[in-house]
Amino acid sequence: MDWTKQIIRYAVVMVLQVLLFDQLQLLGVCHPYIYILCLMMMPITLPHISDMLIGATAGLIMDIFCNSLGVHTSACILLMYVRPYILSALINETDRLNEQLSLHSLGMEAMTKYVVILVLLHHLTVFMLAAWSWQHVGFVVLETLVSSLLTILVILGYNILKYR
Amino acid sequence: MQNLLKILLRYSNFLVFVLLEVAAFLLIVYNHAAPRSSVLSTANRMVAWQYETVSEITGYFHLRQQNDQLAMENAALRNQLAQAEGAEIIQYQSAKVVQMTTDRLHNYLTINCGTDDGIQRGQGVRNENGVVGVVRTVGTHYSVVMPIINTMMNLSCRFLKNDYIGTLQWDGKDSRFALLTDVAAHMVVNTGDTIVTSGLSPIFPEGIPVGIVESSVLHEGDSYYTIHIRLSTNFKRLKYVEVIHNADQIQIEELLDGLD
Chain A
46 MDWTKQIIRY AVVMVLQVLL FDQLQLLGVC HPYIYILCLM MMPITLPHIS
96 DMLIGATAGL IMDIFCNSLG VHTSACILLM YVRPYILSAL INETDRLNEQ
146 LSLHSLGMEA MTKYVVILVL LHHLTVFMLA AWSWQHVGFV VLETLVSSLL
196 TILVILGYNI LKYR
Chain B
3 MQNLLKILLR YSNFLVFVLL EVAAFLLIVY NHAAPRSSVL STANRMVAWQ
53 YETVSEITGY FHLRQQNDQL AMENAALRNQ LAQAEGAEII QYQSAKVVQM
103 TTDRLHNYLT INCGTDDGIQ RGQGVRNENG VVGVVRTVGT HYSVVMPIIN
153 TMMNLSCRFL KNDYIGTLQW DGKDSRFALL TDVAAHMVVN TGDTIVTSGL
203 SPIFPEGIPV GIVESSVLHE GDSYYTIHIR LSTNFKRLKY VEVIHNADQI
253 QIEELLDGLD
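Chains as they are written, first to last, in the numbering used here: chain A, 46 to 209; chain B, 3 to 262.
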């Protein structure tokens, strides 16, 4: 795995996240978390446990920017935990992946499913934990759907642009 | 023993997952109870510095508006000065808003004052129009404030006209409005009634504007009103705030701690 490339991508995505996507004020329900692009598109070469630790770190850094200690951390750990299972459920021969996660290796259909499932799972976890009560369930679901839509579009768009 | 090790090894991924999640949940609970870590929040010097730099740059676009606001504030202060009397136990420390969210359930703002400027956890924050919130986490140069537009916030208020007490809560919907609860049906509530801080807690002195009654509904069979308050503070345009140093606050809190 090319660490330099991964870290540069993470830095660029975090700048976009904090300076652009965190500042969006669309109807008060659109809070896309595009930083998970880096976690989701990480090659699957590392041991599962390291993957989860990297997820925890990225989540903690996001939490510092959001004043929501623990919320993004647990959502990212969950994301990294289920990632390999979702992948193996979507593709029959995992060898085909060749360790790289890309549109080329996954195919459009599997890629779309992969991104939609993981983004919805991550965003729902974040917004539920951030609300920390059942009082705002309706709002949380709406927030999840609207925000996920934008995040999914950004992540799919990134992949399409990269492997056109 | 060997079998146990085998099982542990077989499920090691799951075990690590559970351990990490438990740790993350402990962080959430800790953060809700008493967030004292200024490093793990936007009071973190590097994080706040980044926000401050960006707000310095974008701040140029609002200069004219800021000037008008400052001029108005100066006038109001001069008026107050003219009639100032016996309020020496309360002092204000002005601070700049470095970062703020207004459209989440749990909104926070970061200000550029910290322990070095004498800021302490639990101090009240206001601006020239009214109540802003309470200091929640303090770093050396920056602090995080929980504003009244945070669903975890409760603020004790009273009607200016008859001193009737109620509790202000935010419903997470619109940063311009909040709800006033605990107002019993026998009260007469009119649109336009002024709501101010009650002074029941040492955080806010009595009489800081909170908002005015926008609408009040008494559903049949209910014993309490549903009151919408139009907040005095415009959170979307919040640039400067004042932290309230109440000399009595420390003493009162010590007394309260002694009671527990």
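One or more of the hints may lead you astray.
Claimed, not checked - Calculated from the model, a selection of chain B residues having no Cβ within reach of chain A, i.e. all distances over 12 Å:
| # | residue |
| --- | --- |
| 1 | Ile9 |
| 2 | Ala25 |
| 3 | Val31 |
| 4 | Val41 |
| 5 | Leu72 |
| 6 | Gln95 |
| 7 | Asp173 |
| 8 | Glu208 |
| 9 | Gly209 |
| 10 | Pro211 |
| 11 | Gly223 |
| 12 | Leu240 |
| 13 | Glu244 |
As the list claims (entries may be wrong) - Simulated coverage check for chain B against chain A, where a stretch passes if three residues somewhere in it have a Cβ under 8 Å from a Cβ of chain A:
| # | region |
| --- | --- |
| 14 | 179–193 |
| 15 | 227–237 |
Everything labelled a hint here was simulated from the structure, so no lab data went into it.
Heads up, the beta-carbon is just placed ideally off N, CA and C, and yes, glycines get one too.
Going through the hints against the structure:
At roughly 17 Å from the closest C-beta of chain A, the C-beta of Ile9/B stays outside 12 Å, upholding its exclusion from the interface. In this structure Ala25/B is not separated from chain A by more than 12 Å, as the shortest Cβ-Cβ distance comes to only about 8 Å. Here Val31/B does not stay apart from chain A, with its beta-carbon only about 8 Å from theirs, under the 12 Å limit. At roughly 8 Å, the least C-beta separation between Val41/B and chain A is not larger than 12 Å, which violates its mark as non-interface.
For Leu72/B, the requirement that its beta carbon stay farther than 12 Å from each beta carbon of chain A is met, with the minimum near 25 Å. At roughly 21 Å from the closest C-beta of chain A, the C-beta of Gln95/B stays outside 12 Å, upholding its exclusion from the interface. At the 12 Å boundary, the C-beta of Asp173/B falls inside the reach of chain A, the nearest C-beta of that chain being 9 Å off. For Glu208/B, the condition that its CB be more than 12 Å from all CB atoms of chain A holds, with the nearest at approximately 30 Å.
At roughly 30 Å from the closest C-beta of chain A, the C-beta of Gly209/B stays outside 12 Å, upholding its exclusion from the interface. Its beta-carbon lying about 25 Å from the closest one in chain A, Pro211/B satisfies the requirement of being farther than 12 Å from that chain. Taking the minimum C-beta to C-beta distance to chain A, about 22 Å, the non-interface status of Gly223/B holds against the 12 Å cut. Separation of Leu240/B from chain A is adequate, the least Cβ-Cβ distance of about 14 Å exceeding the 12 Å criterion.
With a minimum CB-CB distance of about 21 Å to chain A, Glu244/B clears the 12 Å threshold, and the non-interface call stands. Only when three residues or more bring their CB closer than 8 Å to a CB of chain A does the claim for the region 179–193 of chain B stand; here the count is 0, and the claim is violated. Given a C-beta distance limit of less than 8 Å, the hint that chain A covers the region 227–237 of chain B is violated, as 0 residues qualify and 3 are needed.
When each numbered hint is compared with the structure, violations occur for hints 2, 3, 4, 7, 14 and 15.
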